[in-house]
Amino acid sequence: MKEMKLFLGPQHPGMHGNASVHMFVDGDIIKRSYLLPGMLYRGFEKQMERKLWVNNIALIPRVCVPEPDINEMAFASGAEKLLKLEIPERAHWIRMIILEFARISAHLMAYGGLGGPTGNYTLMYHAHADRNNILDIFEKITGARVYHQYIVIGGVRQDLPKGIEKDMHTFLDSLESRLKEYRDLGIDNASIIKRIKDTIMLPAEVVWELGVTGIGMRSAVNKAYDIRKVAPYARYDQVEFEVPVSDYSDARSRLDIKIKEVQQSINIIRQCLEKMPEGPVRVKPARGQSMRWTVPKGHVYSMVESSRGEFGYYMVSNGGTHPYRVGVRGASYPQGLLGIEKYLPGTRIDDAALWVDTMGICSPEIDR
Amino acid sequence: MKSTKFTPVPLTKAETDKKWWEIGDFFRRNSLWLLMYCTGCCAIELPPAMTSAYDMERLGMGPMATPRQADILLVSGYLSLKTLRRLIYTYEQMSEPRYVVALGSCPINGGIYHDSHAVINQLDQYIPVDVYVAGCMPNTEAVMNGFVDLMDQIKHKRANGWKKYHENYSWYKANQITSLGEVDVHDEFHE
Amino acid sequence: MANIEYLLLFLVGSAVISYFLTRLNSFIGSIFTIFATMFVFVSLAAYGFNMNLDTTVSLLPWFSFSQTYLGFFFVIIIAFIYLMVSFFHPYFLDKYPYKNSYNLLFLLSLAGIIGAFYTDHFLQLFFFFEMIIWTTMFLIPQGKSREAAVSYFGFSLTGSVALLIGIFVIYQNVGRFDIQAGLAGISGTTSVFVFVLFMIAALAKLGTFPLHIWLPLAHGNAPHPFSPVLSGALVKLGAFIGILALIKINPIGPVIGAIDLALGQYIIAFIGSLSIVFGTLMAIKEDDAKKLLAYSSMSHGGYILVAFSALNGFAFAGGLYHILAHALASAGAFMAIAAVARATGTTKMKELGGMIHKMPITYLAYLIAIISMAGIPPMGGFISKWLIFQAVIDRGMILIAVAVFFGSVGSFLYVFRPLAALFLGQEFREYKHVKEAPLLMLIPTFIIMGLNIYTGVIPKQIIDFINNIIGENTAFAPVVATTFTVTATYGTLNAGLIALIFGVGVAIAFIIFILMKKSRKVELMDTYTAANFVHDEHLLHYSVDFYAPLERMYEKQSHWMKKFYDALAHKVKEVGKLAKYLFMSNNIGVTLIWILVIIVLLIGVVAL
Amino acid sequence: MIVNILVGIGIALFGFALQTSIGGINRKIVGRLQKRHGPRWYQEFIDIFKLLSKRGISHGWIYDFGVIMALGGIIATAMFMPLTVDIVAFKQFDNFFIFVYLLAVGMLGMAMSASGSGNPWASIGVMRALTTMLAYEVPFLIVALTIINVSDSSSLTAIQAFQQTAGNNWFIIALPLGGLVGVLSLMGMLGKKPFETYIAPAEIASGPMVEYGGKQLGMLFILHEISVFIEVSLFVHLFLGGASNIFIFLIKYFTVYTVVNLISNVNGRFKIDQVVKFFYKWPLLLAIIQAFIAIYLGWVI
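Here the protein sequences come in this chain order: A, B, C and D.
Each residue of the first sequence is one higher than the one before, starting from 1 at the first, in our numbering.
Each residue of the second sequence is one higher than the one before, starting from 1001 at the first, in our numbering.
Each residue of the third sequence is one higher than the one before, starting from 2001 at the first, in our numbering.
Each residue of the fourth sequence is one higher than the one before, starting from 3001 at the first, in our numbering.
Bear in mind the hints are in silico, worked out from the structure with no lab data behind them.
Incorrect hints may appear among the rest.
Listed below are several chain B residues computed to face chain A (Cβ distance under 10 Å; list not exhaustive) [stated by the list, open to error]: (1) 1010; (2) 1012; (3) 1014; (4) 1016; (5) 1044; (6) 1066; (7) 1087; (8) 1134; (9) 1166; (10) 1178; (11) 1179; (12) 1181.
Label-pair ranges, simulated between beta-carbon atoms [said to hold, decoys possible]: (13) A:201 with C:2566: 49 to 57 Å; (14) D:3251 with A:183: 44 to 52 Å; (15) A:179 with D:3263: 45 to 53 Å; (16) B:1148 with A:287: 27 to 35 Å; (17) A:201 with C:2567: 47 to 55 Å; (18) B:1017 with D:3258: 36 to 44 Å; (19) D:3061 with C:2346: 33 to 41 Å.
No experiment lies behind these values; they were computed from the predicted model shown.
A virtual CB, placed ideally from N, CA and C, is assigned to each residue, including glycine.
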């Protein structure tokens, strides 16, 4: 049978990020496909070995661009475990606020990203407008819009500025009131339902086989596997929230869960703002010359729940000033690199971009 | 007696072309289309610039799907060797005149990846760059400012990167080959 | 003074001569065939237009001829197609196993056609029909498949039997074999019976909906230079029988009040519309360029049926115009495909690509042919379709209009497929050596290109001739036409003006194009691949399953149809096997003996 | 004759200018819908002239010839288009079918040129464009059949005049079902959002336009503007009673285009087979019902 080869990415409007999906196509059905990674490879894990522990805080957000704070959190909490460091109570709550805002921002971006493949740009524009408000809040808190370097080993870099709670409440209220609008424009829109309902299915077998986590897993196997619940970090055990699940993983149900998680994140932030104690936000991690402090020998795997799934750092210290080895478990590695070969064959080229979009594939996380 | 008759000064072809070119520059700077090639992290600041928050369309700019249609090649962030090869390929596919805007610190001097073995440090060794926007990551305001700068450069005929590329083609090519080797396309991975 | 019987004898004689010449040297034999065909065509054209052809000489005993405008209309089109195709013979004949007899059969079938349209006697009509069928039946298997010939024979046999029974029924009622008198003489239930029988013959020959199986098989597998004849010329015999049945017999039946049309005609129109839809859908699916065009012939056969059953002057004129336009378009398209097939050895679209860079003139010929076929101005197909639309709207035949419009837009889809897959797209490295067709093959290509445009720009002469036919056969009002315009119920179409304005538009576009900066020429492989490198042009050529999403929608629905036709084909094959057992041997002499025996027998029947 | 041709060229130019400005204004309106300012109203002119001033690439003669043929066909179509009852280049020759089929020349030229570029995305885009055409044309032509049958002419000026005669309603009111089908078909024709399958940047990288840049793309933009002008005016003349003077035409034109554009911008796009299914389900049925009611029963409001 004669085949044709099509490329989705790296330079393609349907592909977010610098990766290439090679599709062998018969007519318009994809017969084989694979992801060509490596275009974002910059020797990340090697570079981390060459940097001081504290310097690494500046490097790690760059693993995943849409949601950088989880990297800081995973790295910082792992280092803290190695250092056996207790950080101030308030820092935990601030970290949760930051993480949840980051989650909302990533979800909004991914949900707005639905506008790209389906052509509903109004949805995309609105979602990005709201996301930009989050970035503004971040800028107020941390001084940077995207790479905050705010969660550091030993707490957070500085306390929340005065009056930021009001900004947060205003934003959360407006976002909550607009969630229905997002549904109407996106997953409840009659023309978009045709594209995303009962199609782009993620079967449960693929989930088990590849180790997909996050929304991909929760939507497919009806299992509330969420690091925030099963292995709570920060103070997630002290806030109430639900983990939305479903056992039917089409694109619509995955996006539906995204919207529900945005709602849950809003609730979490509100609880955080309410329960957050006053006090210091940072402790010095260890004694040492300037910043060249050492971390005790040992290894640790620290994981956090990102918007795309379980995100982990495996860190080994040989007692030196630099990490001995750091391995990153990218959340989108299974569904991105491996999954493309599994679930894309058999679907149509129309859906390829939607696949990439709704599975939450973040290419820098795959390459590192 | 001096003739009072108006005699139009005939323009040479080069002069006419220049006049047309100036007129064309007006259109070109008011309608800059971007090629979205997300080479690295800085691409994340483009959606705010394009969408409602900063609304790039005010300036007549917009994202385009393919290099043939676009005016600006937007290098958003660090460039691994594998990307650079594709970037040059894309650059050579673009219609002329073409401009290059490089975002972030990485294309300038390698930025945070200056010591990485897989990332190039200076983009303008390989293709000419018209505007650099420094920062890691540059704010959206800075990105927008970079575009306005490019418009200004076009207005003052300083955005001549594409001409430079023609003039110094052998130099650029030699640099490309030193870093990347010859691109020999014989299988699908062609590396 | 040209005489029809001289022409027939000349053809039979030159057929025999060409057999021996071809035996000596196939090129010389083919050149002789060209001249023989040209002589016949020129004599027909010189004398036929004004009905000056002598039919009184009685060289052939028992044969009587008369000339009609209707018959001449068909004969001149078909002879023209034969002439055009004969230019292809020198380059194709060597490929065929029985090349000696190729020219012989070709000329004999032309003789059969001339006889069939000039005769005024039913049994002679049948005789010439059989002559055409038998000669062409042996031409078809020279291409690829004998199965195709068997299928063709089977369906033609159905048609012939129906025709023969119809003729005998007429004879039983009227007592004469005279065509005009016979058709005028019947009435009542007999006329319904004859109508049905004649329509079966027409449908079988035209290859329309229920009896279309042979069409793609025969067209697709026939020798490349013979496919234009099959599609452009021979299926039009069905249209001739159809006109006889629909216009001349016109059985009394219940009249559908809303559209003021007899039920019989409406059913035929409905069959025609089914044929349009089915042909369109199948053509969209087809991968072989020749089979695709065959299905398009089926769809156009549907148009012709709809046109003649609308019982309306415009529709009748439109139908005749469509016969001409489709003959030219279809011949042009098939000839272009034949030229490609000669150069590359295949007509499968998935194996071809980028032929335009090697064969630009062939490409232009195909382009102009398909523009006409899709009914786009300024080509002949537009005028004929426009006339048919007028009639359909006038009658208010809504369901048929759905099919007519569907076929009209759908034709655009399927004719574009060979254009994209075969001529355009990536240039394959295995065809780098291919060259443009030789000059002798380009001559007919140019002539047909010119005529396709002529029929679409200056309709006056053709409409005038069609008006003669209308006056001769029907009571419809003639179509008003000036040099460039055609006027129908709902307005006037100015074909010349459209062509002129189109020229103006292209001129403006060209000025814009030429004023602006010159483009940089790049290779085909230097194309947007999302910044990936490619090395194999086959992987970049979109030709297989071109309309995949659309095809998938009716793949399942057409399944039961396919089964039915498979069963039918099986039955037909059984019939065919018998024929094969009797008549088909590897020795051409046996075949010839059989033909002679049949001819003698038939002459005997006529003599009685 | 020369005068007529000049009038025709004038109409084509006017149509280009009109649609380009209204397109720009609409981009502003849509910008407001999307919480932003939107471009300047003359942005589309700048875009087109910029593209014309650039130095593009060419993939061989058919790549250029197709574009010229496409633009030529569209300009020719626009030259036949009446603006009002009186402003028409070729009175009585503005036959409805000319517009439908001459538009197809433009489509064919573009399809040829796009396929000639040898890019598979372009061919897929062409395939989708043709399939979409198959979808929307049939219901639209059935409604047109009804209109021609009722108004007894296929000349656009005559159809306008018929609707403007006292006692006759606009066809969108007289044939309400047909009017609905007309709107849907118009959206298909314009390639507006639920039916915008053939550009689909995120799926097939802007489809047929994938290889174009420089003057060829500029010419395709001109082509697009003029064909939008043709399609919207066709709708205005067929369904909205045409126009007795140019201002009414402008108002109707602007309203139709804006409404369609706004509907488009809150919808996603269908897949190509969904487009075909959509049009062959309700619009076709409604069109047939409308035709039955209007032609056989004579119920025309």
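Verification of the supplied hints:
1. Checking residue 1010 (chain B) against chain A by beta carbon gives a least distance of about 46 Å; that is not within 10 Å, so the hint is violated.
2. This hint is violated: residue 1012 (chain B) has a C-beta 41 Å from the nearest C-beta of chain A, more than the 10 Å allowed.
3. Annotation: residue 1014 (chain B) was flagged as interfacial toward chain A, and the flag is violated, the nearest CB pair being 36 Å apart, outside 10 Å.
4. Hint status for residue 1016 (chain B): violated, given a least beta-carbon distance of 37 Å to chain A, over 10 Å.
5. Here the hint on residue 1044 (chain B) is kept, as its CB sits about 5 Å from the closest CB of chain A, short of 10 Å.
6. The criterion of a C-beta within 10 Å of any C-beta in chain A is met by residue 1066 (chain B), whose closest approach is roughly 8 Å, and the hint holds.
7. The interface hint given for residue 1087 (chain B) holds, since its Cβ lies 9 Å from the closest Cβ of chain A, which is under the 10 Å cut-off.
8. Because the closest C-beta pair between residue 1134 (chain B) and chain A is about 14 Å apart, greater than 10 Å, the hint is violated.
9. With 10 Å as the threshold, the beta carbon of residue 1166 (chain B) stays out of range of chain A, its nearest partner Cβ sitting at about 23 Å, so the hint is violated.
10. For the restraint placing residue 1178 (chain B) at the interface with chain A, the shortest Cβ-Cβ distance is roughly 20 Å, beyond the 10 Å limit, so the hint is violated.
11. The interface hint given for residue 1179 (chain B) is broken, as the beta carbon of that residue sits about 15 Å from the closest beta carbon of chain A, more than 10 Å.
12. With 10 Å as the threshold, the beta carbon of residue 1181 (chain B) stays out of range of chain A, its nearest partner Cβ sitting at about 16 Å, so the hint is violated.
13. Remark: the range hint 49 to 57 Å for residue 201 (chain A) to residue 2566 (chain C) is contradicted by a beta-carbon distance near 35 Å.
14. Against the hinted window of 44 to 52 Å, the Cβ-Cβ separation of residue 3251 (chain D) and residue 183 (chain A) comes to about 36 Å, which falls outside the hint.
15. For the pair residue 179 (chain A) and residue 3263 (chain D), the supplied restraint of 45 to 53 Å is violated, since their beta-carbon distance comes to about 24 Å.
16. One distance hint, 27 to 35 Å for the beta-carbon pair residue 1148 (chain B) and residue 287 (chain A), is violated here, with the actual separation near 49 Å.
17. The given range of 47 to 55 Å is broken by residue 201 (chain A) and residue 2567 (chain C), whose C-beta atoms sit roughly 38 Å from each other.
18. As the Cβ distance of residue 1017 (chain B) to residue 3258 (chain D) is approximately 41 Å, the hint placing it in 36 to 44 Å holds.
19. Checking the proposed 33 to 41 Å range against residue 3061 (chain D) and residue 2346 (chain C) shows it is violated: the Cβ atoms sit about 25 Å from each other.
In summary, the structure is inconsistent with hints 1, 2, 3, 4, 8, 9, 10, 11, 12, 13, 14, 15, 16, 17 and 19 from the numbered list given earlier, while agreeing with the others.
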